[in-house]
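Trainee: Hey, can you work out the whole structure from these sequences and the hints?
Protein chains: 2
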Amino acid sequence: MLISDLGEFGLIKRLKDILGSREIGHDCAALKFGDRYLLMTTDALVEGVHFLKRYPPEAVGWKAVSVNVSDIIAGGGNPRWLLVSLILPNIEASYVERLYEGIKKACEFYKCEVVGGNVSKGRETVIDVFAVGESERPLRRDGAKPGDSLFVSGTLGDSRAGLELLLENRKDYKPHELALIERHLRPTARIDYVKHLVKYASCAVDISDGLVADARHVASMSGVRIDIDSKKLPLSKELKMFCEERGKDPVQYALFGGEDYQILFTHPKERWNPFLDMTEIGNVSEGSGVYVDGKEVSGGYSHF
Amino acid sequence: MLISDLGEFGLIKRLKDILGSREIGHDCAALKFGDRYLLMTTDALVEGVHFLKRYPPEAVGWKAVSVNVSDIIAGGGNPRWLLVSLILPNIEASYVERLYEGIKKACEFYKCEVVGGNVSKGRETVIDVFAVGESERPLRRDGAKPGDSLFVSGTLGDSRAGLELLLENRKDYKPHELALIERHLRPTARIDYVKHLVKYASCAVDISDGLVADARHVASMSGVRIDIDSKKLPLSKELKMFCEERGKDPVQYALFGGEDYQILFTHPKERWNPFLDMTEIGNVSEGSGVYVDGKEVSGGYSHF
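In order, the protein sequence lines correspond to chains A and B.
All the letters of the first sequence, read from the start, carry residue numbers 6 to 309 under this note's numbering.
All the letters of the second sequence, read from the start, carry residue numbers 6 to 309 under this note's numbering.
Please keep in mind that the hints were generated in silico from the structure rather than gathered at the bench.
Be aware that one or more of the hints could be misleading.
Which copy is meant is left open, so a pair is good if it fits within one copy or across any two.
In the SDA-like style, the derived pairs of lysine to any residue whose C-alpha atoms are separated by at most 20 Å in a straight line are [said to hold, decoys possible]: (1) K58 <-> A98; (2) K21 <-> I96; (3) K18 <-> P94; (4) K126 <-> V54; (5) K126 <-> G148; (6) K126 <-> G15; (7) K21 <-> G53; (8) K126 <-> L50; (9) K126 <-> L57; (10) K176 <-> Y60; (11) K176 <-> S26; (12) K58 <-> R128; (13) K204 <-> G252; (14) K21 <-> Y100; (15) K126 <-> S99; (16) K237 <-> Q257; (17) K179 <-> G294; (18) K21 <-> K110; (19) K21 <-> E106; (20) K37 <-> E139; (21) K18 <-> I96.
Mentor: As structure tokens, then:
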């Protein structure tokens, strides 16, 4: 049986069974060390799969760090140390240096440090980052409780629209299109949410696969039903302009877009914090599955 | 300028300069956390570069763990947690499962645990492991002192001979050849040396690039001269048989072979431990460079 027959999650389940590990399946592993917790995660960007050669290498470096930091944040911690493992064909050294400029900028922004790494030869460029963070109270995907409200940071769907624009490979883009492209190329992990999440969240996950797909992980791991109200989804004015021009529905982008790197989290309604750009988009109840406007949603990208 | 013009170490130096990090350049990073030290390292096996598709996947999984554990040992610690990042083309799922069986066996042997990972699509198989260990007293490459003796664990050169035999891709191998192949495919990181190293070593490094190349790292980072006595190099009877049959010099294999994953370390002569398979092969003095039998050696693999 080929990997494609099993699917990514089918394969991960099999590997998890072989190892018999309980940590696998969360955004990051949380291990007690002394009186604190270490958070650990890894995520790779592969050329031709996650980025194209023509993308600015500084942006690729920034993103490679951000997607890992995003997992640490969803795990309820701050990033501390990174290791960067590069697989490189024989390309221009200046490309690798620009990649590292982006990594450095991201480290300064998120207040973490590259402490080591590895360079190997290979046929395609891979930037594989390992991040270690620290937490007083790790958050898991399995903590959502009936009665909680469902919240999301920032706006949703921008990254997917930005990707579509990028793939058009035009010479000229309008300002709102450039803003969307920027959100795909250079996502910002929500480091400003760490304190709030650690204090109040019962559950958190970063939105990398798309709102519905990631909500489904929460619902199944927490053993709850999640209801999303599509009228409440936070949409940027740039995404609305993009969709208006093309006769598309921005709600579909917000529900299934992916790579937003916003945080989806749950806690009681009254913990809403006016100083953060958080939006209540639904609620948690007993049962199972993810419902949008009362209808169960099982698919994902197929809606596009 | 292409990466090949700069060389691996030239590239790493440039990246280190961009980041301004002091940790990079050692076998692993050592970070104080609470009252102990965390050791972190990463090393990747790339298909077509570090292994071939026809190698038993269990062996590849075992080796991917062992090469990382070896760095943690050289850093003066025991491994605790691993993350496994896989880049996979659409291959048979059973291949990945067998890879994981090897990873699991290695974790049981070294007493560490896979706590997470990642799976990405790609054109070639990469097993990228990230290891976190723990140490009371981290060892560095820069601690060798004039007056120390130079020691090595186990025997040297076997892995290189095993690789040459493997590449012949014969149907039948003799028992001593199979033993050498096994040492290339399934190296054992010297976990039995951790206590001795932490207690006595002034400096340690694992032999992955070859004895002379790794001794050169120690000499340049410690600011000392290293003398190796070729008559003292520990050679296995299997390597001697292999070399006799082919009219080759086993000393060349021991000096330049690489991938032995033995530990090269320094401490006063009187700390020699009869319960370990350690051999005194030379000494450390003031000066610079690596000398074999009194002659400075600058090259590496070119001796083959």
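Trainee: One pair to classify: K126 and G148, alpha carbons no more than 20 Å apart. Within, between, both, or neither?
Mentor: The answer is neither: 42 Å in one copy and 30 Å across copies each exceed 20 Å.
Trainee: For K126 and G15, with the copy left unspecified, which applies at a CA distance of at most 20 Å: within, between, both, or neither?
Mentor: The answer is between: 14 Å across copies meets 20 Å, while 30 Å in one copy does not.
Trainee: Within, between, both or neither: how does the pair K58, A98 come out at a Cα-Cα threshold of 20 Å?
Mentor: within (14 Å within a copy, 29 Å between copies)
Trainee: Which holds for K18 with I96 at a C-alpha limit of 20 Å: within a copy, between copies, both or neither?
Mentor: between (36 Å within a copy, 17 Å between copies)
Trainee: With identical chains, the pair K126 and V54 could be close in the same copy or across copies; at 20 Å between alpha carbons, which is it: within, between, both, or neither?
Mentor: both (18 Å within a copy, 7 Å between copies)
Trainee: Up to 20 Å between alpha-carbons, please classify K21 paired with Y100: within, between, both or neither.
Mentor: between (36 Å within a copy, 15 Å between copies)
Trainee: Regarding K37 and E139, is the shortest C-alpha distance of 20 Å or less found within a copy, between copies, in both, or in neither?
Mentor: both (10 Å within a copy, 13 Å between copies)
Trainee: With identical chains, the pair K176 and S26 could be close in the same copy or across copies; at 20 Å between alpha carbons, which is it: within, between, both, or neither?
Mentor: neither (49 Å within a copy, 39 Å between copies)
Trainee: Using 20 Å as the alpha carbon limit, work out where K21 and I96 are close: within a copy, between copies, both or neither.
Mentor: Between copies only: 18 Å across, 36 Å inside.
Trainee: Can you tell me if K21 and E106 fall within 20 Å by alpha carbon in one copy, between copies, both or neither?
Mentor: between (36 Å within a copy, 11 Å between copies)
Trainee: Up to 20 Å between alpha-carbons, please classify K58 paired with R128: within, between, both or neither.
Mentor: Classified as both: same-chain Cα gap 13 Å, cross-chain 15 Å, threshold 20 Å.
Trainee: Classify it for me, K126 with L57: is the Cα-Cα distance of at most 20 Å met within a copy, between copies, both or neither?
Mentor: both (19 Å within a copy, 14 Å between copies)
Hint check: violations occur at hints 5, 7, 11, 13, 17; the rest are consistent with the structure.
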